[in-house]
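Peer 1: Make the full structure from the sequences, and use the hints.
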Amino acid sequence: MAMKINELHYSPFERGVKDLNSKDLECLRDVSEGWHIEYKREIPNPKTIAKSVSSFANTYGGWIFYGIGQRSDADPVAESFPGIDDADCEKKISSIKEAVKFHVSPSPFFEVFKIDGPNNIIGLGENRSIIGIFVPRSNTAPHIHSSGVIFSRVSDLSDPRPLNDRYLIDELFKRQEMLSEWYKRWQDRDPVFSNAEQEKCYFRFMLIADLSREKNDWRELNLSDLKKTLTKKDKKMPSIKFDAFYVSPSGFIAQQQGGG
Numbered sequence: 001m002a003m004k005i006n007e008l009h010y011s012p013f014e015r016g017v018k019d020l021n022s023k024d025l026e027c028l029r030d031v032s033e034g035w036h037i038e039y040k041r042e043i044p045n046p047k048t049i050a051k052s053v054s055s056f057a058n059t060y061g062g063w064i065f066y067g068i069g070q071r072s073d074a075d076p077v078a079e080s081f082p083g084i085d086d087a088d089c090e091k092k093i094s095s096i097k098e099a100v101k102f103h104v105s106p107s108p109f110f111e112v113f114k115i116d117g118p119n120n121i122i123g124l125g126e127n128r129s130i131i132g133i134f135v136p137r138s139n140t141a142p143h144i145h146s147s148g149v150i151f152s153r154v155s156d157l158s159d160p161r162p163l164n165d166r167y168l169i170d171e172l173f174k175r176q177e178m179l180s181e182w183y184k185r186w187q188d189r190d191p192v193f194s195n196a197e198q199e200k201c202y203f204r205f206m207l208i209a210d211l212s213r214e215k216n217d218w219r220e221l222n223l224s225d226l227k228k229t230l231t232k233k234d235k236k237m238p239s240i241k242f243d244a245f246y247v248s249p250s251g252f253i254a255q256q257q258g259g260g
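Using the UniProt record's numbering, read the sequence shown as starting at 1 and increasing by one per residue.
Derived by calculation from the structure, the hints in this document are not laboratory data. Note that CB positions come from ideal geometry on N, CA and C, so glycine has one too. There may be inaccurate statements among the hints.
If you anchor each label on the Cβ, the simulated ranges turn out as follows [claimed, not checked]:
#, residue 1, residue 2, range
1, Val192, Asn139, 26 to 34 Å
2, Lys184, Gly123, 50 to 58 Å
3, Pro106, Arg166, 16 to 24 Å
4, Ser72, Pro106, 30 to 38 Å
5, Ala74, Ile253, 48 to 56 Å
6, Cys27, Asp156, 15 to 23 Å
Using 20 Å as the maximum straight-line C-alpha spacing, the simulated EDC-like pairs for lysine to aspartate or glutamate come out as follows [unchecked claim]:
#, residue 1, residue 2
7, Lys200, Asp156
8, Lys40, Asp30
9, Lys40, Asp165
10, Lys232, Asp243
11, Lys18, Glu79
12, Lys241, Glu199
13, Lys233, Asp243
14, Lys101, Glu90
15, Lys114, Asp19
16, Lys114, Glu90
17, Lys91, Glu126
18, Lys18, Asp86
19, Lys114, Glu126
20, Lys114, Asp88
21, Lys40, Asp156
22, Lys114, Glu79
Peer 2: Following this line, the structure appears as structure tokens:
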């Protein structure tokens with residue numbers, strides 16, 4: 001059963017990327033290739049990799065799986081799981097990252113992961129692995145392929161759209177505009193203070209995810225980690241002494257209640 005990791009990113013799995021194992025792949029036998037899913041038995045050439053990644057980033061986001069074969073064009077669910085030789089996986093993963101780096105501008109955020117065998121139920125052998133790519137819907141679109149074309153996902157195809165398609169380009173740029181407008185509204189909105197707090201100085205800052213980084217999943221930020229970060233002392237850098245931390249409906253609140 002397909003689920004969503006959060007309201008923005010589709011997932012066929014019930015858990016996050018970092019927690020996936022070969023058993024999770026069994027659900028793909030009921031998931032068709034289409035808007036959000038692409039299956040490939042082998043890893044294609046760099047330009048084709050970049051085409052697939054950019055098309056998902058420009059459209060609704062999705063998942064690419066290498067080492068999985070579909071049943072047929074008429075019924076494109078995952079059927080065979082030959083996998084990729086474990087001895088080649090590290091090199092293949094590096095080549096995937098390089099392909100996107102050199103053939104897509106700007107480079108979108110994506111995560112490459114490996115799921116190891118064996119799993120007899122789906123036929124994934126020992127010393128064989130499935131390589132996957134998770135590509136979220138990008139807020140920095142459009143992402144342009146090195147061929148000079150913007151690719152977008154249309155059903156089970158990465159359909160090339162010419163750069164003179166003004167409607168497509170305008171729609172992609174609207175994503176950045178919407179995000180910028182949200183930041184501006186946050187900046188312009190005054191915090192709500194009690195009567196006792198209104199005359200006190202305050203400092204606000206917004207934590208914005210760096211989607212170019214693959215480690216330390218930005219969606220897993222919690223109050224405990226934030227507290228450790230903001231109370232960490234560094235003699236080389238000026239700091240504000242926060243001593244009270246709260247969770248709000250739209251983020252976190254750190255306050256300096258004591259002196260100093």
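Peer 1: Determine for every hint whether it applies to the structure shown.
Peer 2: Results for each hint:
{"no.": "1", "hint": "Val192 <-> Asn139: 26 to 34 Å", "result": "holds (28 Å)"}
{"no.": "2", "hint": "Lys184 <-> Gly123: 50 to 58 Å", "result": "holds (52 Å)"}
{"no.": "3", "hint": "Pro106 <-> Arg166: 16 to 24 Å", "result": "holds (20 Å)"}
{"no.": "4", "hint": "Ser72 <-> Pro106: 30 to 38 Å", "result": "holds (37 Å)"}
{"no.": "5", "hint": "Ala74 <-> Ile253: 48 to 56 Å", "result": "holds (54 Å)"}
{"no.": "6", "hint": "Cys27 <-> Asp156: 15 to 23 Å", "result": "holds (18 Å)"}
{"no.": "7", "hint": "Lys200 <-> Asp156", "result": "violated (57 Å)"}
{"no.": "8", "hint": "Lys40 <-> Asp30", "result": "holds (16 Å)"}
{"no.": "9", "hint": "Lys40 <-> Asp165", "result": "violated (29 Å)"}
{"no.": "10", "hint": "Lys232 <-> Asp243", "result": "holds (12 Å)"}
{"no.": "11", "hint": "Lys18 <-> Glu79", "result": "violated (24 Å)"}
{"no.": "12", "hint": "Lys241 <-> Glu199", "result": "holds (19 Å)"}
{"no.": "13", "hint": "Lys233 <-> Asp243", "result": "holds (13 Å)"}
{"no.": "14", "hint": "Lys101 <-> Glu90", "result": "holds (17 Å)"}
{"no.": "15", "hint": "Lys114 <-> Asp19", "result": "holds (11 Å)"}
{"no.": "16", "hint": "Lys114 <-> Glu90", "result": "holds (9 Å)"}
{"no.": "17", "hint": "Lys91 <-> Glu126", "result": "holds (19 Å)"}
{"no.": "18", "hint": "Lys18 <-> Asp86", "result": "holds (18 Å)"}
{"no.": "19", "hint": "Lys114 <-> Glu126", "result": "holds (14 Å)"}
{"no.": "20", "hint": "Lys114 <-> Asp88", "result": "holds (12 Å)"}
{"no.": "21", "hint": "Lys40 <-> Asp156", "result": "holds (12 Å)"}
{"no.": "22", "hint": "Lys114 <-> Glu79", "result": "holds (19 Å)"}
The structure fails hints 7, 9, 11 (numbered hints given earlier, in ascending order).
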